[in-house]
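Build out the structure end to end from the sequences listed, making use of the hints.
Counting from 1, one number per residue, gives the positions in the sequence shown under the numbering used here.
No lab work stands behind these hints: they were computed from the structure. Some hints could be false.
[Unchecked claim] Label pairs and their in silico Cβ distance ranges:
| # | residue 1 | residue 2 | range |
| --- | --- | --- | --- |
| 1 | Ile24 | Arg74 | 17 to 27 Å |
| 2 | Gly136 | Leu38 | 54 to 64 Å |
| 3 | Val46 | Asp148 | 43 to 53 Å |
| 4 | Ala53 | Arg164 | 58 to 68 Å |
| 5 | Trp146 | Val95 | 19 to 29 Å |
Since we're looking at a predicted model, the values are computed, not measured. Don't be surprised by glycine CBs; every beta carbon is placed ideally from N, CA and C.
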Amino acid sequence: MRIVIVEESHNRVTWQSRSPMLWIEVGLLLGILSVVALLLASPSPVRWHVMAAVISLLLILAVVIALTTAPADRGILERLPEGGTLFRARVWPFVGDRPVVEADLESITAFEIETEVFEESAAELYRLSRLWAVAGGENRHCLTNWADTESVNVLGVALAKASRLSFESEARQTLFSL
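What follows is the structure in structure tokens.
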């Protein structure tokens, strides 16, 4: 997932990220078409039952993914003379924006990036990050999902400039195996 800064000025930053849900749905559709093509060539009378079961399972999976995954995230930070706001929302189809983070800019003390190294296999490591807004005390607000480290870092720098707050680029690192 990649984060894109939509608008950036001296006191306002707007960002957006999109989930790969569309490509997952296209992959499931291609899977259904592949199963149909393979099973139509089979002379077995059981093919219709297998085809119906596989198609039903993949369609149910596609619906569950579509209903449980927000296709986009949006956020805005605006610094005003009398304070400012920090807002993040998930955008759902047919529902609209659902707020995730709503905070006054006065309550935020800094921004920090959390970087993790993920491992799919022993030879394949990749680094993802997410951005946090640190509020007074131990409160922290997650501003992004796991995304490309470079785009999260660019967003953190932009938010720190617009809000006139500090930005910690390396908060903590650990290794996760998938």
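Checklist entry - So which of the earlier hints does this model not fit? => result none
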